[in-house]
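Each residue of the sequence shown is one higher than the one before, starting from 28 at the first, in the working numbering.
What the hints contain is simulated information worked out from the structure, not anything from laboratory work. Model, not experiment: these values are computed from the prediction. Glycine included, each C-beta is placed from N, C-alpha and C at the ideal position. Check each hint, because a few of them may be wrong.
As the list claims (entries may be wrong) - What follows is a list of derived Cβ distance ranges for each label pair:
no. : residue 1 : residue 2 : range
1   : Ser117    : Pro64     : 31 to 41 Å
2   : Asp135    : Arg155    : 28 to 38 Å
3   : Gly139    : Lys112    : 14 to 24 Å
As the list claims (entries may be wrong) - Taking lysine-lysine pairs in the DSS-like style, the calculated list, with each CA pair at most 30 Å apart, reads:
no. : residue 1 : residue 2
4   : Lys34     : Lys76
5   : Lys112    : Lys143
6   : Lys34     : Lys143
7   : Lys34     : Lys78
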Amino acid sequence: MNIAKGKLVEEIEVFRVELYDYEIDDSVLYTIEENIPYHILFVFEYINKRKYSLSYKEVSRETETITIHRIFQSDWVSKNEALLKFSGISLDNMYENILNNIANYELDIFLGDTLKERVLNSIDYEKR
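With the hints as extra help, turn the sequences into a complete structure.
Structure below.
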């Protein structure tokens, strides 16, 4: 897709993974995410189902650090069901749209002017 780079998101990698069961080890996702300086959309497939995963992470090009705030995962859906909508005027906008789809729009209930603020508020809420 030919979409302008965003201020925060320069690239979105897509990793398609065929699973042998429905279990996904979050520690493996964190390890992959911590070592790749781009945003990764995971597409997990098992039999006739599909599940999506996308983290909210910040990548600092200056200090070469990656901070993963939270990994979002969709529910399992039929492979025929179109869960994600790839739209946006920039990669920042498209990333936010994909993340909202995967999170089933749960971030909309949290206050914040930016996606980061809503994600951090959702993390604070879960800690209570």
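We went through each hint and held it up to the structure:
1. The given range of 31 to 41 Å is broken by Ser117 and Pro64, whose C-beta atoms sit roughly 18 Å from each other.
2. The beta-carbon spacing between Asp135 and Arg155, approximately 19 Å, falls outside the hinted interval of 28 to 38 Å.
3. The supplied range of 14 to 24 Å is met by Gly139 and Lys112, whose beta-carbon atoms lie about 22 Å from each other.
4. For the given pair, Lys34 sits about 34 Å from Lys76 by alpha-carbon distance, which is inconsistent with the 30 Å threshold.
5. Note on Lys112 and Lys143: the hinted pairing holds, with a Cα-Cα distance of about 20 Å set against a maximum of 30 Å.
6. With a C-alpha separation of about 13 Å, the suggested pairing of Lys34 with Lys143 holds against the 30 Å cut-off.
7. Distance hint between Lys34 and Lys78 is fulfilled; the C-alpha atoms sit about 28 Å from each other, no more than 30 Å.
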